[in-house]
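Trainee: Using the hints, put the two standalone chains together into the complex.
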Amino acid sequence: MESVNPVLWETKVLQSKATEDFFRNGVHLPLFTLQLPHSLHQTLQSSTASLLIPAGKTLPTFTTAELGTSNSSANFTFPGYPVHVPAGVTLQTASGYLYKVNVPIMVTQTSGRASILQHPFQQVFQQLGQPSIIQTSIPQLNPWCLQATTEKSQRMETVLQQPVVLRSGTVDRKRLENATGDTLLHPGSQHKIMSEALLSQPENSQYISLSGVVVPPQLSQMDSNVEPVLSVSASMTQNLHGGPLSTGPQGAQHQHTPDVQLRVLKNRMCGCDSVKQPRNTEEPSSLPISKKDSNSQMDLSLQVTDDDINEIIQIDGTGDTASNDEIGSTRDVDENKFLGITDAGDLKVLEEASSISNEDSMANSSDNEDPQVDLVEEDPLNSGDDVSEQDVPDLFDTDNVIVCQYDKIHRSKNKWKFYLKDGIMCFGGRDYVFAKAVGDAEW
Amino acid sequence: MDADSDVALDILITNVVCVFRTRCHLNLRKIALEGANVIYKRDVGKVLMKLRKPRITATIWSSGKIICTGATSEEEAKFGARRLARSLQKLGFQVIFTDFKVVNVLAVCNMPFEIRLPEFTKNNRPHASYEPELHPAVCYRIKSLRATLQIFSTGSITVTGPNVKAVAAAVEQVYPFVFESRKEIL
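For the record, the sequence lines run as chains A and B. Per UniProt numbering, the first sequence starts with residue 1, numbered consecutively. Per UniProt numbering, the second sequence starts with residue 1, numbered consecutively.
Some hints could be false.
Said to hold, decoys possible - Below 27 Å or equal to it, Euclidean Cα-Cα: the simulated BS3-like pairs (lysine-lysine) are:
| # | chain 1 | residue 1 | chain 2 | residue 2 |
| --- | --- | --- | --- | --- |
| 1 | A | K417 | B | K30 |
| 2 | B | K165 | A | K415 |
| 3 | B | K41 | A | K436 |
| 4 | A | K421 | B | K41 |
| 5 | B | K78 | A | K417 |
| 6 | A | K408 | B | K41 |
| 7 | A | K413 | B | K143 |
| 8 | B | K78 | A | K413 |
| 9 | B | K53 | A | K417 |
| 10 | A | K413 | B | K65 |
| 11 | A | K413 | B | K30 |
| 12 | B | K41 | A | K417 |
| 13 | B | K53 | B | K122 |
| 14 | B | K53 | A | K415 |
| 15 | B | K41 | A | K413 |
| 16 | A | K17 | B | K30 |
| 17 | B | K165 | B | K101 |
| 18 | A | K415 | B | K30 |
| 19 | A | K408 | B | K101 |
Simulated from the structure, these hints should not be mistaken for lab results.
One chain only, chain B, in its complex shape (with noise of 0.2 Å):
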């Protein structure tokens, strides 16, 4: 009834950027020129390459640091970092894949009721701020887990954190609180 967690919510996670590096100097020109699915950005140093098996895109930079971005799974993000090193391999660089570490998770919920915002902010003070002229969602921070979330008021929650346990623990955590301001179809 009030605080029933995981009331089988299903948290789906959007995007998983993760980084990795290759420990060797990457030269840029020669990936855009022989790589194939690239994106070569001069201006800013960087080369973008896109993979389509696991879908992700992957910023790289000449020191041999790799953002990867688009990943949907925490699993999927190392394999594709992987494949991607893989590929700078056959490029002709001694790519060692090193450093491997899930930045970021994000992960959006689905309420099954709507939420009554200005309640649910003066109820948790310190963590939620809502600023409805500049953004129609509650911003909710739990600092211990270093996870953010974003609640709007048609239930709908946007959760970003460190790792996909810590986005679960998150929504798990304002559950209840959200449940408190929600609002009842009479």
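Only chain A is shown next, with the shape it has when bound in the complex (with noise of 0.2 Å):
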């Protein structure tokens, strides 16, 4: 049996090439929630193949009271490509990140592995100036947010992990010289925060790094005041907001490594709740406590994703039950059975439906029969001298492997016949790929 090694085969299929790409890159799914305003709820059309929201939204002004708060007349989730989102549209992503769009975009979803993401990471500060500074800056960098989104879109997890090139040396540059005063950006939900230190601290330096692409396929921009691309960074800026941060203390954040700065995006990103904390605090000193928020933060969103793909909960037999008119004594010993059950992780859920049931006979029959009666309880079976290993377990230890999709297979008594399609074969050492396969094998 394969017992001595549970998941081979699995193994096997995650090696090949012909998944390469699928289970490197994390979560694959394209799902996302998108939380319109009320305006836009009745007009919504959604199709599988693309959603088209209609552009009916100027671009708002923010405040804190209205973000996080009923935003969410229309919730839906798509699955497919491309989307076109007009301009101040607040997305949520399934994972419940937040984003504010504020100039038109088309998503698309690409291959999912972008080059860019294989370059080092790029710090680049910028310094906002006051609100209407920034907001002339704004069309200039548009083209080039633009470009960004659609070429950086992809999953969240694998931003995290790929910092992104900031490919505008030119506009740190620009940055600098428009900023004049020291606010900071922030990442399009937590623009109210923005907004805040806009107006209350002006003269804030603000920086802008862009510590790594958070940009999901609905890319996230940046408040009114700030460029799309910039929040995606702004993570980091998140922990400056809080107070006036001379050029030392940033320049030494500058120093941080790009992981922290990733979480710290990350934290941002994640909820108002930990918005605050950086937001009360007024010193740099508040950057270690709220990126160990975000540490925890992303590893959890990181796990989410092997959970989803590993856990799937069994959800048959949980009524079976049994037919014969035992039942009554047997179920003192299934009760026990199922406490001993090694795979308990995936039988608890079954355990708790089962034991329902379990209920009523185990009041009627713990007067009757003792569990003795559960008959011959025939010899332990690991009297298994006679029952051998069978076959070798190594039967998937090959090297000649077909990773494919099947149209059918078929099976008459001992003869199996498979029809397959779209594969890459693995064999003698060579790679072969084939649309369509026919075998014939004898069991």
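Mentor: Shown next as structure tokens:
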């Protein structure tokens, strides 16, 4: 049996070139939920192929009240791309990130692995001046932002792992030129803080660190105040938001590892609550605290993908009952057996369900027969001297692997017929690709 | 001459069906992923596991009930069932081999003569039923043994019963009647 290596065939699938891109990139679900303002609700139309959001929203000035409140009149998910998102729409991903779209965007799904990600991490700090100044600078950056958006559309998890290249050295300079005050850029979800910061602390020097691309397919964009791309990275800035930061501390932060900034970014993106922390603290020392939060958050989110893949709970069998008369006596034993099952993880749900059904019979049978009536418990099975190991467990330990999809698998007695399609074969050390394959086998 | 039972009639057991319970819930998905030689029928909620050594096919339900078919003797059926339970145990389930019961035995037997079915049916009214338009064999039921025989005009008889003994007894019981209605070659 395969008990020696229970998931050997799974590792083979993972290693195969057919699934090279699929598993490595983490979450494969291009699902996201759009939370749209009320005004758009009735006009929404969704199709499986693409989603077109009618453009009718002006650039709103969000306040703290607006954010996080009942924008969600329309929540829907759709599986496909491309998505055309007009300006002024708040998007929320399935994992809970909020992004505010300020310019019209067309989101398309790329192959999943952008070469951009391979580039070394770059930090760009930008000084953000007064809101007015910032707004004027928007048009300049828009084209760049849009570009970055489409190119960088990736899944969030991959983003976290691979810092994005900030392509604009030129942009940096521009920013620096424009900035006069010290305000911090925030990611779209944090725009309220942003506005506060802008309003209250025009003196703050604002830096935009593009530590990581958190551009989900929806693209996250900054508030009206900041370019969309900047919002992506603004994670770092979030921390800085708290107080007037001199270039000194910021410079120090500058030195932080990309990972830290990524985490911070994640933290910022995640929820409003976390945002409040740095906001209150006026010192760079708030950074470590918030980072810790983000660390845990990031870890959680990253693990989600693995769990999604592996954790498929069995839903059948919960209502199964014994059909013979000895249900009563056996229930006692069943209860114990349930608890003793090694595969506790998967069966916890079932255990609860079945224990409910067992309750009644338990009460009744407790007086009745003893578990011994269970009969001839038959000698323990590990008198499995006769029970041989059967097939060699290394049945799957071969280098000739086919990873494909199937049209039909047919069996008559011990004669098998395979009608396969779209596959990659590794045979004799060489790789072959096929669109159709037919096979015969005898078991 | 006449009712010479057991004229060295070889009764061949072709199939023995048995059931047993594992007294523990089985995670079908785990069996399907990690077990060898399994077919997962998710739509009906069972896993088929085929064994080579005693050639048997076992249908496994998540409740722990297992039906084992394809064995050629009762001994073999039990042997195969135990082996199956052992393999499940190796997958990690707390399996206990209980409630083993042979449910059905199928055997074939060949008479050295041909049989006149309409005549046979007339002589064995309550037990025999014959509908040539539906099925070419006479269906002869023995209630006491809970056995059913299908008698063909070629002399071939198929017997199904709860165990091997009942099957053998059924053949012995039927033989004289069949012998009466045989087609004698002149």
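Trainee: Among the hints numbered above, which are violated by the structure, and what are their numbers in rising order?
Mentor: As far as the earlier hints go, 2, 5, 7, 13 and 19 are violated by this structure, in ascending order.
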